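**Student:** Just so you know, we're using our numbering here: the sequence shown kicks off at 239 and counts up by one.
Everything labelled a hint here was simulated from the structure, so no lab data went into it. Just so we're clear, the structure is a prediction, and the values are computed from it rather than from any experiment. The C-beta atom is built at its ideal place from N, Cα and C for all residues, glycine as well. Among the clues, some could well be false.
30 Å max Cα-Cα, derived DSBU-like pairs, lysine-lysine [as the list claims (entries may be wrong)]:
no.: 1; residue 1: K435; residue 2: K390
no.: 2; residue 1: K374; residue 2: K267
no.: 3; residue 1: K374; residue 2: K308
no.: 4; residue 1: K390; residue 2: K267
no.: 5; residue 1: K374; residue 2: K390
no.: 6; residue 1: K318; residue 2: K267
no.: 7; residue 1: K318; residue 2: K308
no.: 8; residue 1: K318; residue 2: K374
no.: 9; residue 1: K313; residue 2: K374
Each pair of labels, with its calculated beta carbon distance range [unchecked claim]:
no.: 10; residue 1: K313; residue 2: E365; range: 27 to 33 Å
no.: 11; residue 1: T439; residue 2: E360; range: 31 to 37 Å
no.: 12; residue 1: L303; residue 2: D373; range: 21 to 27 Å
no.: 13; residue 1: S327; residue 2: Q428; range: 51 to 57 Å
no.: 14; residue 1: T265; residue 2: L420; range: 42 to 48 Å
no.: 15; residue 1: R442; residue 2: G319; range: 28 to 34 Å
no.: 16; residue 1: Q428; residue 2: D399; range: 16 to 22 Å
no.: 17; residue 1: R316; residue 2: R397; range: 29 to 35 Å
no.: 18; residue 1: L412; residue 2: H334; range: 38 to 44 Å
no.: 19; residue 1: R397; residue 2: E422; range: 20 to 26 Å
no.: 20; residue 1: Q447; residue 2: D315; range: 25 to 31 Å
no.: 21; residue 1: L412; residue 2: D369; range: 26 to 32 Å
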Amino acid sequence: MKPNDPNFLPTRWTLIAHASDPSSPQTQKALEQLCQAYWYPVYAYIRRDGHSEHDAEDLTQSFFLSALEKSTFGKADRAKGSFRTFVLSCLGNFLHNARAHAQAQKRDTRKLISFESLDAAERYAAEGHDDLTPDKLFERTLAMEILRSAEKELEEDRRYDGCLELFQALRPHLFGMEGQTLAELAAQLQMPLETVKSQLTRMRNRYNQLIADRAIEISSREAARDEMIALQNAL
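Make the full structure from the sequences, and use the hints.
**Tutor:** Given below as structure tokens:
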């Protein structure tokens, strides 16, 4: 596992506090991580709310810029619920005000998110035309972002440890996409079967921990349990 990075901030309340504090030297880093985690769920919500591709991009930009300028994230209260619920509430209010002031038709030249390098429209099209409400789609896409982010960090961990090839071989078993038995895989890798099983267990445990680190935004045991249940339900 790679050593602790002093510049890395977990997506928890400390991250939210840094993102809302202009005096913090870690504000930009924290804001980037919040945008990375939430930009697509926010975009998907706005699209499902009836806005076009380009308007959704502009509104997503404006939402995060407004949150930064007004220190909106700093107003979140962990005693009142999860941060994702707070973001949903803020987003609903933002869109209501945008409609009231016809802001959806105004182009803001400032850019906080580079949509040119993202596959937002393609990803949204792949979501399909199901019956999910904007709120439910936000929940599901945020859950998927958590899984994607956890998988990416797990891959980087294994790369740092010099075990990237083993990670890639075990990845189908980690995510329930087995194409061959572990015995067959062990023979292919020329490794003892018990070693392969042990490595897979370690990877699964680390992956689950990375998911929990991102999903659990409140420190109490009861809230942690509720957050993990909410993540499972969203998926």
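**Student:** Does each hint fit the structure? Answer for all of them.
**Tutor:** Against the structure, the hints:
1. Under the criterion of a C-alpha separation no larger than 30 Å, the hint pairing K435 with K390 is consistent with the structure, at around 21 Å.
2. For the given pair, K374 sits about 28 Å from K267 by alpha-carbon distance, which is consistent with the 30 Å threshold.
3. The hinted pair formed by K374 and K308 meets the criterion: a straight-line CA distance of about 26 Å does not exceed 30 Å.
4. Only pairs whose Cα atoms come within 30 Å are accepted, and K390 paired with K267 is accepted, the gap being roughly 18 Å.
5. A distance of roughly 24 Å separates the Cα atoms of K374 and K390; the hinted pair therefore holds under the 30 Å criterion.
6. Note on K318 and K267: the hinted pairing holds, with a Cα-Cα distance of about 26 Å set against a maximum of 30 Å.
7. For the proposed pair K318 and K308, the alpha carbon gap of about 20 Å is at most 30 Å, so the pair holds.
8. Annotation: proposed proximity of K318 to K374 holds, straight-line Cα distance about 20 Å (limit 30 Å).
9. For the hint pairing K313 with K374, the CA-to-CA distance comes to about 23 Å; that is within 30 Å, so the pair holds.
10. The hinted window of 27 to 33 Å between K313 and E365 holds, with their beta carbons roughly 30 Å apart.
11. Take T439 and E360: their Cβ atoms lie about 36 Å apart, and the range 31 to 37 Å holds.
12. Range check, L303 to D373: Cβ separation about 23 Å, and the 21 to 27 Å hint holds.
13. A hinted range of 51 to 57 Å holds for the C-beta pair S327 and Q428, which are about 55 Å apart.
14. A hinted range of 42 to 48 Å for the beta carbons of T265 and L420 is consistent with their spacing of about 46 Å.
15. Distance hint for R442 and G319: a CB-CB separation of about 30 Å, consistent with the stated range 28 to 34 Å.
16. Distance hint for Q428 and D399: a CB-CB separation of about 19 Å, consistent with the stated range 16 to 22 Å.
17. For R316 and R397, the Cβ-Cβ distance of about 34 Å falls inside the hinted range of 29 to 35 Å, so the restraint holds.
18. In this structure, L412 and H334 meet the distance hint of 38 to 44 Å, their C-beta atoms being roughly 42 Å apart.
19. One distance hint, 20 to 26 Å for the beta-carbon pair R397 and E422, holds here, with the actual separation near 25 Å.
20. Between Q447 and D315 the Cβ separation comes to about 27 Å, which falls inside the hinted range of 25 to 31 Å.
21. Judged by the Cβ atoms, the range 26 to 32 Å given for L412 and D369 holds: they are separated by roughly 31 Å.
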